[in-house]
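The numbering of the sequence shown is this note's numbering, which starts it at 2 and goes up by one.
Worth flagging that the hints you see were computed from the coordinates, not collected in a lab. Cβ atoms here follow ideal geometry from the backbone N, Cα and C, with glycine treated the same way. Heads up, some of the hints might be wrong.
Said to hold, decoys possible - Okay, the calculated beta carbon distance ranges per label pair:
id: 1; residue 1: L112; residue 2: G40; range: 35 to 45 Å
id: 2; residue 1: L139; residue 2: G21; range: 35 to 45 Å
id: 3; residue 1: L136; residue 2: V61; range: 17 to 27 Å
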Amino acid sequence: MVYLLDQGTKHLVVSTMTIGEDTPILGGIIHLHFVKNPGAAFSLATGQTWIFSIAAVAVVVAVIVLIRRIQSLRWALMLGMLLGGTCGNLTDRLFREPGFGVGHVVDFIYLPWILPAIFNIADTFIVSSMGLLLLLSLLGIGLDGKRAGKTSGARVSDPAPAAGPVDSASVDSASVGESSVDESTETRP
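Please work from the sequences and hints to get the whole structure.
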């Protein structure tokens with residue numbers, strides 16, 4: 002869904018706007034400003050497009066591997082947003098000019114009152130997924146949807162239960178703290 006929304010909006014922008022065209026909408030709160038970005042966010046590393054292509058492929062592979070372990074709707078949502086956004090920008094890098102792996106990403110959303118950057122739908126979902134990842138991590142929610150340390154109802158700091166019932170008749174002197182070692186020669190830390 003994210004991928005289709007991203008690619009659909011980019012197709013609409015490319016087919017109806019010229020590069021550099023700026024169209025304010027919603028009273029100027031949002032501008033549609035068509036640019037082709039050869040770099041990363043904020044047009045950083047413009048000569049290193051191929052690095053972002055390789056990194057995007059690595060992210061896609063990692064997400065596909067993780068998806069098989071997901072048992073949580075929240076994690077599935079986060080990874081779906083990340084996968085859709087990454088695939089959207091990767092498609093641009095692979096298939097747009099100037100060539101395979103070094104294509105420029107279509108950016109068109111501009112919020113002049115808050116951000117100096119021009120971005121796209123894929124970027125929005127990638128950033129949102131990172132926010133959700135941070136939230137899930139801070140809350141300690143694992144891939145199974147459970148909070149860390151809450152799997153069996155015991156707190157992490159609780160001591161481990163005894164191995165079995167203790168028969169008071171079988172308790173010897175060593176198990177209750179008495180020692181056969183001469184304490185006067187024992188070295189203590």
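Okay, the hints, checked on the actual structure:
1. L112 with G40: 35 to 45 Å: For G40 against L112, whose Cβ atoms are near 19 Å apart, the range 35 to 45 Å is violated.
2. L139 with G21: 35 to 45 Å: Hint holds: Cβ distance 41 Å, inside 35 to 45 Å.
3. L136 with V61: 17 to 27 Å: holds (23 Å)
The structure does not agree with numbered hint 1 stated previously, though it agrees with all others.
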